[in-house]
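Asker: Residues per chain are reported as follows:
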Amino acid sequence: MLEFDNVSMRYLEVGDVLRNVSFRLFKGEIAFLTGHSGAGKSTLFKLIAMIERGNRGKIMFNRKDLSQIRASQIPYIRREMGLIFQDYKLLNDRTVFDNVALPLVIMGYSSKEINGLVRAALSKVGLLGKERKLPLTLSGGEQQRVGIARAVVHKPLIILADEPTGNLDPELSAEIMHLFEQFQNVGVTVLIATHDISLISTLNHRVLRLDHGSLVAGGK
Amino acid sequence: MKQKNKHKPINNHNSVIEAKRNVKQTSKTGGTFADKMVAYRDQHAQALFSSLGRLIASRLNALLTVIVLSISISLACGFYLLIMNTKQLTVDLESSNQISLFLHDDVTLASANRLANGIKLDPSVQAVKVITKEQALKEFEDFSGFGDAVRALEKNPLPIVLQVIPKNSLEEGQNIETLVENFKQAAEVDFAQLDLHWVKRLQTMIEVSQCAMILMGILLSLAVLVITGNTIRLEFHTRRDEIIIAKLVGATNSFVQRPFLYSGFWIGFFSGINAWFIVTIMMLILKQSVEKLSMLYNSSFHLLFMGFFETLALIFVSSLLGIAGSWVVVQIQLQQLKG
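If you read the sequences in order, they're chains A and B.
Quick note, the first sequence lines up with residues 1 to 220 if you use this note's numbering.
Quick note, the second sequence lines up with residues 1 to 339 if you use this note's numbering.
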């Protein structure tokens, strides 16, 4: 599903951010990606989402070598992913419905299909009935769930969540983790970057630990 | 496909996921070409009208842009109309390569005819027409607008004129000049005038202005491009976050640029229409004065306005410029955005 083979990434200004990282995630697998600040979690995510490119080594996603993907093809790769961000990255001048519908609109679904899929995704995250609200009128937990609904509405192969519980209290965090486990149950691969140790320890999932750019635990 | 899309009331999470799967699968595999076209059309319609909505929402910004653009475009159109109207004046004269021989006042009609017959024998002359003093006076009264003044004179001051039309082959080069020089030698001839000269001069002047118009048109088009581009650049900046997010969830560049191209289209379109109104109103204001002037000259000059096809071309070109300006800027901005 997702395979890193000896991946290194170097920035001119800061030097090596990732060093010979190798791991493999299977379909329907859930894993935490952890490590101190600056350990390379964000860079690893950006490489998968093709926000950053130019790494050494090989990244295979869904049987495609990402280094072979032309820039014009990146959007189509991203449509197979669901990205979740710590700062939610919602469109604050659009309703919850429009936010969640965005990937589907981009992919050219008909409005009838969009309607059904968005309502399904919102009911999944427990926000049915809040379609017409604007994101800023919702609580932090609710906003994050809008972000999750947007990430899963188009049924991606993999969910990449960058510090999804960073701004949430433990109770909400557990709730969101529970959501991720449900997606895992239907065959979605989930990779969650977090430094929330207590959260990781309560859940029995695979942990990939980065230390100064090297994968020190949970590799192949 | 329709049946599969029907959602039953959903109670538990698993059935939601199943429902989602079904819909997703149909759209991936079973979506017919017609369905895709409908969705594509919807996307465009959405972009077309939401861009218009945003323009209206950013009222002042859009208004200022459209005003500046319509003034630029109406300048070009005004210049164009000026030239077209001037050109109209010279249309009748275009074929005029005739030589007018003004005879001395004391030359009689009989000797004028004799001279005319002599000239006719010249192999390079096609025809000679004698205009008597009376004919000349009448013509002058009809066309100059100074008839009353001439009638006030006791004696007809106009001479007999021989209008010589040279063979066409003489039109160019020095030959015609030589012919004029020959005519000047005749004792009866007071003054020989080659009409072609000043027609040529006028035509050359118009050609120069036309060239100037094209240059000005290019400059103004460039201005339209830049002004539209700048407005779009501002819009792009205010929507930067939205674009970044859209790209993160899989938007292609063409999806991102579409609303901006439509914004450019609307700006150009409205500017074109506005420019038409500006030019037409200016021409209506001028019309009275021009007609008064034309009446004073007893002339049947009619002011030309923007014609139907010219108006269409105007709106088409200004819309196209709007789209082009927007396209250029969006390409640059997208390049800078990368990611």
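Mixed in with the good hints there might be a few duds.
What the hints assert, rightly or not - With a Cα cut of at most 30 Å, we get these calculated DSS-like pairs of lysine-lysine:
1. 200/B x 89/A
2. 167/B x 200/B
3. 64/A x 89/A
4. 167/B x 64/A
5. 200/B x 112/A
Derived by calculation from the structure, the hints in this document are not laboratory data.
Asker: Confirm or reject each hint.
Answerer: Comparing the hints with the structure gives:
1. Distance hint between residue 200/B and residue 89/A is unfulfilled; the C-alpha atoms sit about 70 Å from each other, more than 30 Å.
2. For the proposed pair residue 167/B and residue 200/B, the alpha carbon gap of about 18 Å is at most 30 Å, so the pair holds.
3. The straight-line distance between the Cα atoms of residue 64/A and residue 89/A is roughly 27 Å, inside the 30 Å bound, and the hint therefore holds.
4. A hinted pair counts as satisfied when its Cα atoms are at most 30 Å apart, and residue 167/B with residue 64/A does not qualify at roughly 81 Å.
5. For the hint pairing residue 200/B with residue 112/A, the CA-to-CA distance comes to about 70 Å; that exceeds 30 Å, so the pair is violated.
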